[in-house]
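**Q** Residues -27 to -1, 1 to 381 in mature numbering (1 follows the signal peptide of the UniProt record, and there is no 0) are what the sequence shown spells out, letter by letter.
Just so you know, these hints were derived from the structure itself, not from any lab. For each residue, glycine too, the CB sits at the ideal point set by N, CA and C. Careful: at least some of the hints might be erroneous.
Only pairs whose alpha carbons sit at most 25 Å apart, straight line, appear in this in silico DSS-like list of lysine-lysine [as the list claims (entries may be wrong)]:
#  : residue 1 : residue 2
1  : Lys203    : Lys218
2  : Lys157    : Lys187
3  : Lys236    : Lys203
4  : Lys218    : Lys157
5  : Lys335    : Lys243
6  : Lys236    : Lys294
7  : Lys294    : Lys335
8  : Lys188    : Lys218
9  : Lys243    : Lys294
10 : Lys277    : Lys243
11 : Lys96     : Lys335
12 : Lys157    : Lys217
13 : Lys236    : Lys316
14 : Lys187    : Lys203
Pair by pair, the computed Cβ-Cβ distance ranges are [said to hold, decoys possible]:
#  : residue 1 : residue 2 : range
15 : Asn231    : Gln280    : 19 to 29 Å
16 : Phe162    : Glu206    : 22 to 32 Å
17 : Glu220    : Asn321    : 39 to 49 Å
18 : Leu306    : Asp219    : 44 to 54 Å
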Amino acid sequence: MSSAFSKTTAIGCLFLLALLVFDKISRSPWTWQPIEESHKDIHIHIVMQSDAQNRGAPDLDDTYHVHLNQSHAIDFHPMDDAKRNQSHALVANQTHALALNQSHEIATSDSVRNNGTKSLTVKFIPYPHNTLGSGADMECQWETKSVSDPSAYDFIQLEAFREGICMPNRPSSAIHIFSSSEAKKCLSFRRVVITGDSYMKQLFVGLADILLGKKIQNDVQMTNSTIRVKVVEIANYWLAERHKKDESFPIAEYICDNICYGKNGASWKKQCANCIHLQTQGEENTTVTVAGAGVHILARLGNKDIQTAARELDQFLNMTKPILFVSPPHYRLEQVPEPYREKTSTRNTVWETLLPIIAPRKQPYVDMFQLTRSCYMENCSYDGGHRSRYVNRWKAQLLLNTLCEVVE
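All chains should be built: construct the whole structure from the sequences, respecting the hints.
**A** Structure below.
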């Protein structure tokens, strides 16, 4: 009898406890708590070369599971099919869930032109190219767009509409969202060399995505230098392979790695200029040189001497002609990790100090400062400086609008 009573009492207590928990949950909105730093476990896809293939092509058939722990150490091990599919879906959802509330119908207009059923002629714009503008003219608001006829666009264009685009307020000419085919036509039989710091590596990968018509490395986010170097290597390789098969395919390369960062003393200017010259001599009429730096120069100067940093960049640009300069990005300090926030606080002033120096003499440039400043959503950046892959593809679209024009 007492045993039965005890069981009944226990069941009753559990039932009351369940009711209390349910009542608390029903009266409180669900909230997602941030994961503690020590428990973060990020799963992404990356393709790496095996030791046996170091001298050959990267093996794009092997998919690996990547574990990034708190210290950013990387541990690679093969991923089974089930985990591969689950991880790919997870990353795609996390990466491209653009934090926007509205979706707009895309239409042919003065600010946005699509290929639709029209046959558009794409032309290369010779040096000094087409500087789109700066400051308030390049301010923009990120948005996603829906299209009435998806068949009128290619994969690259549709993904841009889905992931997010940022149309400048008052560019010098209408912004066109280039398809992979249009980008290739514009740069056909030409060579585009990109150099500079890690932000230029990200721009290069964005351009490679467009030219190849696919997302290199399953769109893996380049959250540290190890991954960034590997993705750049693979992009360089496959762009070269495409050119080998079709000589009309543009030659696009990231060159002079580490030499043009600006971190190796004031002599970086001459070293970088010499490296670019050696890589492009005799090709001045067919090669576009795109360079960008600033952050590491200022860091070398104690993150304080902004005037000297701007002067070094100005001197470098005068040493290297013809050249297209890409501005440093905007830093969102609230996203910068706390240990680096104070020394990062002055980096936003490099571009605003350099611009009044180079603009009057009509130095060609691409202002990426306003574009990155406008991308305040959480999924735009993991550290307040480096940007997500979809943002880098949009940077590449602005680069293409600087180098190419569409004639209807």
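**Q** Which hints from the list above does the structure break, by number from lowest to highest?
**A** Of the numbered hints given earlier, the structure breaks none, since each of them holds.
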